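2 protein chains.
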Amino acid sequence: MPSSSSPSSPSFVKVVEVGPRDGLQNERVVPTAVKVALIDRLADAGLSVVEATSFVSPKWVPQMGDAPEVMARIRRRPGVSYPVLTPNLKGLEAAIAAGADEVAIFGAASESFSRRNINCSIAESIMRFAAVAERATAAGLRVRGYVSCIAGCPYEGRVDPAAVADVAKALLDLGCYEISLGDTIGVGRPREIRAVVDAVSRKVPVERLAMHCHDTYGQALANIHASLDCGIRTVDSSVAGLGGCPYAKGATGNVATEDVVYMLDGCGFDTGVDLHRLAETGQWISAELGRPTGSRVARALLAKQPPPS
Amino acid sequence: MPSSSSPSSPSFVKVVEVGPRDGLQNERVVPTAVKVALIDRLADAGLSVVEATSFVSPKWVPQMGDAPEVMARIRRRPGVSYPVLTPNLKGLEAAIAAGADEVAIFGAASESFSRRNINCSIAESIMRFAAVAERATAAGLRVRGYVSCIAGCPYEGRVDPAAVADVAKALLDLGCYEISLGDTIGVGRPREIRAVVDAVSRKVPVERLAMHCHDTYGQALANIHASLDCGIRTVDSSVAGLGGCPYAKGATGNVATEDVVYMLDGCGFDTGVDLHRLAETGQWISAELGRPTGSRVARALLAKQPPPS
Numbered sequence: 001m002p003s004s005s006s007p008s009s010p011s012f013v014k015v016v017e018v019g020p021r022d023g024l025q026n027e028r029v030v031p032t033a034v035k036v037a038l039i040d041r042l043a044d045a046g047l048s049v050v051e052a053t054s055f056v057s058p059k060w061v062p063q064m065g066d067a068p069e070v071m072a073r074i075r076r077r078p079g080v081s082y083p084v085l086t087p088n089l090k091g092l093e094a095a096i097a098a099g100a101d102e103v104a105i106f107g108a109a110s111e112s113f114s115r116r117n118i119n120c121s122i123a124e125s126i127m128r129f130a131a132v133a134e135r136a137t138a139a140g141l142r143v144r145g146y147v148s149c150i151a152g153c154p155y156e157g158r159v160d161p162a163a164v165a166d167v168a169k170a171l172l173d174l175g176c177y178e179i180s181l182g183d184t185i186g187v188g189r190p191r192e193i194r195a196v197v198d199a200v201s202r203k204v205p206v207e208r209l210a211m212h213c214h215d216t217y218g219q220a221l222a223n224i225h226a227s228l229d230c231g232i233r234t235v236d237s238s239v240a241g242l243g244g245c246p247y248a249k250g251a252t253g254n255v256a257t258e259d260v261v262y263m264l265d266g267c268g269f270d271t272g273v274d275l276h277r278l279a280e281t282g283q284w285i286s287a288e289l290g291r292p293t294g295s296r297v298a299r300a301l302l303a304k305q306p307p308p309s
Numbered sequence: 001m002p003s004s005s006s007p008s009s010p011s012f013v014k015v016v017e018v019g020p021r022d023g024l025q026n027e028r029v030v031p032t033a034v035k036v037a038l039i040d041r042l043a044d045a046g047l048s049v050v051e052a053t054s055f056v057s058p059k060w061v062p063q064m065g066d067a068p069e070v071m072a073r074i075r076r077r078p079g080v081s082y083p084v085l086t087p088n089l090k091g092l093e094a095a096i097a098a099g100a101d102e103v104a105i106f107g108a109a110s111e112s113f114s115r116r117n118i119n120c121s122i123a124e125s126i127m128r129f130a131a132v133a134e135r136a137t138a139a140g141l142r143v144r145g146y147v148s149c150i151a152g153c154p155y156e157g158r159v160d161p162a163a164v165a166d167v168a169k170a171l172l173d174l175g176c177y178e179i180s181l182g183d184t185i186g187v188g189r190p191r192e193i194r195a196v197v198d199a200v201s202r203k204v205p206v207e208r209l210a211m212h213c214h215d216t217y218g219q220a221l222a223n224i225h226a227s228l229d230c231g232i233r234t235v236d237s238s239v240a241g242l243g244g245c246p247y248a249k250g251a252t253g254n255v256a257t258e259d260v261v262y263m264l265d266g267c268g269f270d271t272g273v274d275l276h277r278l279a280e281t282g283q284w285i286s287a288e289l290g291r292p293t294g295s296r297v298a299r300a301l302l303a304k305q306p307p308p309s
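Heads up: the protein sequence lines correspond to chains X and B, in order.
In this text, residue positions in the first sequence follow the numbering used here: the first is 1, and each later residue adds one.
In this text, residue positions in the second sequence follow the numbering used here: the first is 1, and each later residue adds one.
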């Protein structure tokens, strides 16, 4: 099934599955075996990138405390990348020891968010990431960069697209092969997202950009579609919308991979993802977590009945 | 607040609120006083069109059995239209007697759906509507037309955009001042919606078209945004997503007005709608119905807290 579409096709959109990391780090602690099964099932469904875990202090993120064990137990499917988050050199060394082939670093376009989220200024974070990126590259690992708060910050409100472009360019200059633009609090609307992508594209080739939308305000698919219009061909998403129960107060609201793939399928894009297998995986992990799926496509497919006769 | 935006402005998008009719006809029966308060509050929030009720047989739609009473009790706000659904001459006469100034007729782009929903072929439905439209126009009422199943039919699957265009043109020829294109089962994706709008626009001026999206598969805002790109400037939606609890099996899933207005606000369009008052109304009616809101914007606004200090 994944063989029918090729990343070299002009209609290919790469879907980066972030559920096991960006999703599960915001859910209750899940057994390692469940994480491993989730990652393997996602790769089997045709996803070519599955962000697997995060090498951070278990003091801060206990949900990711089993990162080395996860990496040891997943079945590495040929052609699939399993990036892991490494905020600092200590995390990077642990990731290298665990056999990671790709790491991700996480910057912000908002000073206040940077200070509160990673406890340093944007400039300081870039310096810190420079050491991580240099060491990772020397060790033969690919490095992915994230920019958070691209359309708004919980502390500062509006974020200037030029600030997003500056951080994205800095990450590119550090050697990141791809920069993911994250609307962390989901406040952006299509025109605003276009403005950000336009601003960033002037400093970073659009082929190197990914869109990472949260659906907190229901805008994620509209924003992703707008970014496709701007030439974006890489989209981050989370199976079943993991990482923010849409019914909970303060939900972070990752956009559901099922909903993204359904849209891409209908817009003439190839993803290599088998929607049916993906939706089954989303149902399974939702049941494991004891929560309803955050995917509307999954709910619709579940509700679908043969027409009344 | 509604005075700050004018329907004659090029950036004006008319939001047609369908919650009291398309929404409540798919919820449990609601007291007349609640319906009246809902309609009045929506008009007070700045909506210039509030579809109020349906003059259909209470045998088929008991939720709308109090249509004359609703029309008698609402406070008609100057400049606001209160269309009502009238599937046949009997309903139309009742609507005229109740003082309606605008009626709506409801056709389908799919033969199977037409037969199952209104028990006649598309051609027969147009003949039936001709009599309704003629009598309504003679009585000085405006007539709005709906075309359902524009992107897919629960019985036939894919629907040909040319078939949508034919029905839309037939409704135009009957004298409808506006034709609302409904993705009744919410299966369409942006490229498919664009294809439909393009096909219909060749037969009906785009200024006469409205987009009516259901969010069953989470595609509604992306589809509405795509239709705006095609020149559509009228959008139907339902406060709080009334008319299909998003958590229920078989949800019909009207797109929430709050989510539409939030997107339009951020895309440089004027709607005349006060999002805050609208969201309050959505919370109030959701509480009256004892169900969670279907609006993600409403949930996000509710969850919003001052940033941690």
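The hints are simulated quantities; they were obtained by calculation from the structure and are not laboratory data.
Because the structure is a prediction, the values reported are computed rather than measured.
Keep in mind that the hints are not guaranteed to be accurate.
Unchecked claim - Which chain X residues face chain B? A few, computed with CB under 8 Å, are given here:
#	residue
1	Pro68
2	Ala72
3	Arg76
4	Pro78
5	Arg191
6	Tyr217
7	His225
8	Tyr262
9	Gly268
10	Asp270
11	Asp274
12	His276
13	Glu280
Claimed, not checked - Simulated restraints, written as ranges between beta carbons of each label pair:
#	chain 1	residue 1	chain 2	residue 2	range
14	X	Arg158	B	Arg277	17 to 27 Å
15	B	Pro31	X	Leu302	30 to 40 Å
16	X	Arg202	B	Ser9	41 to 51 Å
17	B	Pro31	X	Arg202	40 to 50 Å
18	B	Arg158	X	Ser9	19 to 29 Å
19	B	Glu156	X	His276	13 to 23 Å
In this text, a Cβ means the ideal position worked out from N, Cα and C, and glycines have one as well.
Taking the hints in turn, this is what the structure says about them:
no.: 1; hint: Pro68; result: 31 Å, violated
no.: 2; hint: Ala72; result: 36 Å, violated
no.: 3; hint: Arg76; result: 32 Å, violated
no.: 4; hint: Pro78; result: 31 Å, violated
no.: 5; hint: Arg191; result: 4 Å, holds
no.: 6; hint: Tyr217; result: 5 Å, holds
no.: 7; hint: His225; result: 5 Å, holds
no.: 8; hint: Tyr262; result: 6 Å, holds
no.: 9; hint: Gly268; result: 6 Å, holds
no.: 10; hint: Asp270; result: 14 Å, violated
no.: 11; hint: Asp274; result: 17 Å, violated
no.: 12; hint: His276; result: 14 Å, violated
no.: 13; hint: Glu280; result: 17 Å, violated
no.: 14; hint: X:Arg158 / B:Arg277: 17 to 27 Å; result: 23 Å, holds
no.: 15; hint: B:Pro31 / X:Leu302: 30 to 40 Å; result: 33 Å, holds
no.: 16; hint: X:Arg202 / B:Ser9: 41 to 51 Å; result: 31 Å, violated
no.: 17; hint: B:Pro31 / X:Arg202: 40 to 50 Å; result: 57 Å, violated
no.: 18; hint: B:Arg158 / X:Ser9: 19 to 29 Å; result: 24 Å, holds
no.: 19; hint: B:Glu156 / X:His276: 13 to 23 Å; result: 22 Å, holds
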